[in-house]
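Colleague: Below are the chains, spelled out letter by letter.
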Amino acid sequence: MAAFVLRRLGQTVIVLSIASVIVFALMRMIPGDPVQIIMGSEYSPEAEAQLRHQLGLDRSIMAQYVIWIGNVLRGEFGYSYLNHERVSVLLWDAFLPTLFLVIGTTIVGLLIALPSGIIAAINKGTGWDYGSMGFAIVGYSMPSFWKGIILIWIFGVYLGWFPTMGYVHPWDNLGESLWKLTLPSITLGTFFAGLVARITRSSLLEVLDQDFIKAARARGVRQATLVYKHALHNALIPVVTVIGLQFGTLLGGAVLTETVFTIPGMGRLTVAAILNREYQIVQGAVLLGVVFVVVVNLLVDLTYAFLNPKIRVQ
Amino acid sequence: MKPSEFARFWRRFRRNKGAVFGLGVFVAIVVMAVCAGIIAPYNPLEQSYAHIMEGPSLDHWLGTDSFGRDMLSRIIYGARIALIVGILAVLLAMVIGVTLGLISGYYGGIIDTVIMRLMDGVFAFPILILAIALMAVMGFGVRNVIIAVAVVSVAPFARVTRGDVLAVREEPYIEAARLSGISNTAVIFRHVLPNVLAPIIVQGALRVSAAIITEAGLSFLGLGPPPPTPVWGSMIAEGRNFIVMAPHISTFPGIALMITVVGLNLLGDGLRDTLDPKLKL
Chain A
1 MAAFVLRRLG
11 QTVIVLSIAS
21 VIVFALMRMI
31 PGDPVQIIMG
41 SEYSPEAEAQ
51 LRHQLGLDRS
61 IMAQYVIWIG
71 NVLRGEFGYS
81 YLNHERVSVL
91 LWDAFLPTLF
101 LVIGTTIVGL
111 LIALPSGIIA
121 AINKGTGWDY
131 GSMGFAIVGY
141 SMPSFWKGII
151 LIWIFGVYLG
161 WFPTMGYVHP
171 WDNLGESLWK
181 LTLPSITLGT
191 FFAGLVARIT
201 RSSLLEVLDQ
211 DFIKAARARG
221 VRQATLVYKH
231 ALHNALIPVV
241 TVIGLQFGTL
251 LGGAVLTETV
261 FTIPGMGRLT
271 VAAILNREYQ
281 IVQGAVLLGV
291 VFVVVVNLLV
301 DLTYAFLNPK
311 IRVQ
Chain B
315 MKPSEFARFW
325 RRFRRNKGAV
335 FGLGVFVAIV
345 VMAVCAGIIA
355 PYNPLEQSYA
365 HIMEGPSLDH
375 WLGTDSFGRD
385 MLSRIIYGAR
395 IALIVGILAV
405 LLAMVIGVTL
415 GLISGYYGGI
425 IDTVIMRLMD
435 GVFAFPILIL
445 AIALMAVMGF
455 GVRNVIIAVA
465 VVSVAPFARV
475 TRGDVLAVRE
485 EPYIEAARLS
495 GISNTAVIFR
505 HVLPNVLAPI
515 IVQGALRVSA
525 AIITEAGLSF
535 LGLGPPPPTP
545 VWGSMIAEGR
555 NFIVMAPHIS
565 TFPGIALMIT
575 VVGLNLLGDG
585 LRDTLDPKLK
595 L
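If you're matching them up, the sequences are chains A and B in order.
Position 169, counted from 1, in the first sequence is what my numbering calls 169; the numbers after and before it change by one each time, with no gaps.
Take any residue in the second sequence, note its place counting from 1, add 314, and you have its number in my numbering.
Any given hint could be a false lead.
Claimed, not checked - Capping the alpha-carbon separation at 20 angstroms, the derived lysine to aspartate or glutamate pairs in DMTMM-like fashion look like this: (1) A:124 to A:209; (2) A:124 to A:211; (3) B:331 to A:129; (4) A:229 to A:209; (5) A:229 to A:211; (6) A:124 to B:587.
As the list claims (entries may be wrong) - Under 8 angstroms between C-beta atoms, here's a sample of chain B residues computed to sit facing chain A: (7) 442; (8) 443; (9) 450; (10) 451; (11) 455; (12) 534; (13) 535; (14) 537; (15) 541; (16) 550; (17) 554; (18) 558; (19) 561; (20) 564; (21) 572; (22) 579.
No wet-lab data here; the hints were simulated from the structure.
Idealized CB from N, CA, C, for every residue including glycine.
Using the sequences plus the hints, can you model the full thing?
Modeller: Put into structure tokens, the structure is as follows:
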């Protein structure tokens with residue numbers, strides 16, 4: 001297991017290094033000189049040369065990358081041009097609402113996906129199966145930003161059951177925080193549920209077709225015991241992997257959902273930064289998104305290896 | 315594909331009702347996009363201040379937007395942008411990704427390692443976030459949306475192609491082709507590619523809907539084609555401000571987008587089950 005963990009950690013470091021080069025290269029390709037953007041109207045050739053030297057922009061591209069990655073590893077992403085706040089502080093403030101939205105989404109998604117996937121599998125070919133899978137395909141085909149608007153219209157404006165926008169940290173007011181996160185979590189959770197329900201169904205069907213299940217059935221084990229005690233544990237292993245693989249999609253969905261519900265998360269921060277040409281923030285936000293996805297995938301793989309010894313050997 | 319093979323494919327494909335529905339939706343969207351100039355009742359850019367935010371009526375079947383423009387006409391023209399972006403972005407991603415996958419799988423060694431690690435790096439990015447970053451670099455507009463969506467879709471094609479090339483290149487007929495003295499390029503394109511095409515087509519079909527959703531997401535955030543271009547994503551975003559007074563402005567483009575994506579997903583699933591049953595969910 002230790003060798004597997006080390007190998008997987010090594011792969012993670014390689015992927016993150018390549019991703020950091022891509023982010024660095026992308027930001028260097030943006031048209032316009034960052035020094036002139038920072039200086040604005042206070043431009044003078046001497047001040048420009050000084051700032052260029054200060055930012056390391058008069059060095060080779062390799063040296064610039066090394067300076068940048070060194071700063072990033074110390075958690076230093078520079079300062080916002082507009083309000084002169086540290087980018088790392090802005091990123092952290094925006095990361096928390098996104099994190100809570102993703103957690104809420106995962107809970108709602110699994111609460112819907114697992115029962116509907118199981119019902120579809122044990123009632124294969126019946127109305128339950130078609131109904132659950134129809135719901136699943138509509139769930140992940142409905143764009144989350146549109147679904148959010150429709151939910152706001154019905155449950156926020158028309159019925160008045162839920163607030164239509166905003167965010168409160170759970171430690172400030174837990175009740176209000178959960179209340180405000182409910183609609184956004186349902187919006188993105190039904191999308192996530194659509195993906196996971198299909199995998200749960202197919203994975204469970206595959207396990208139910210295996211010899212050990214057939215043998216248990218022949219011994220007269222009840223269907224419920226068969227599914228919940230023997231089959232489900234095995235069927236959930238691929239489900240865990242899919243959750244990890246879809247995490248990036250989930251984060252993308254969170255960006256859009258935040259915009260609809262006016263949640264001050266990573267998505268809103270990034271889009272506002274692009275429109276204001278604050279590339280330090282865009283750079284930091286994209287890199288943070290990648291780290292988030294890669295770390296979740298690492299955790300999922302380690303969990304998977306823990307559950308399934310075959311993987312460790314491979 | 316020979317006529318007999320096509321007949322066999324079609325017999326299997328049409329048994330899948332969802333796939334046939336998906337094909338119907340796809341054909342309808344293509345017809346709508348191609349014949350937009352004929353079937354749209356109004357000019358999608360024509361503003362009418364006498365008819366602002368009107369609900370559905372006989373004159374305007376799906377109502378009008380906040381500039382008095384006909385919603386139905388804008389949705390019909392919006393299909394054109396959605397399809398152009400979806401199909402061109404996937405074709406571009408397919409050409410780049412499949413070429414990289416073929417080279418990586420066929421040659422192996424250091425070339426394989428470099429290409430696949432690069433793909434791992436790209437794959438680590440959340441698709442929409444990478445597309446947003448690319449739009450920041452390239453600026454807004456239809457062409458740049460196509461490029462951004464294509465770039466984020468390259469890695470899956472490269473991975474799928476490489477995986478199948480690794481299996482195919484060990485086959486005796488590839489060894490025979492190589493020994494007959496023809497160039498590696500000819501072996502790759504004449505003998506390897508045709509044998510790994512089915513999963514690539516399936517991947518392509520499944521990716522078009524993801525590309526359309528990504529384009530709609532970018533447009534919704536205001537990073538897509540600039541106004542007044544009729545784009546479903548920006549139409550939904552515009553309607554968001556008037557959801558109480560005029561819910562139809564967001565609702566109808568969203569329904570169009572959803573039907574398109576459901577149809578393309580069902581079509582992709584059907585193609586996968588017919589062409590590449592081992593991937594069946």
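Colleague: Look at each hint and say if it fits the structure.
Modeller: The hints, checked one at a time:
no., hint, in the structure
1, A:124 to A:209, "12 angstroms, holds"
2, A:124 to A:211, "19 angstroms, holds"
3, B:331 to A:129, "15 angstroms, holds"
4, A:229 to A:209, "15 angstroms, holds"
5, A:229 to A:211, "15 angstroms, holds"
6, A:124 to B:587, "17 angstroms, holds"
7, 442, "3 angstroms, holds"
8, 443, "5 angstroms, holds"
9, 450, "4 angstroms, holds"
10, 451, "5 angstroms, holds"
11, 455, "14 angstroms, violated"
12, 534, "5 angstroms, holds"
13, 535, "5 angstroms, holds"
14, 537, "7 angstroms, holds"
15, 541, "14 angstroms, violated"
16, 550, "5 angstroms, holds"
17, 554, "5 angstroms, holds"
18, 558, "6 angstroms, holds"
19, 561, "6 angstroms, holds"
20, 564, "5 angstroms, holds"
21, 572, "5 angstroms, holds"
22, 579, "6 angstroms, holds"
In this structure, the earlier hints numbered 11 and 15 are contradicted, and the remaining ones agree with it.
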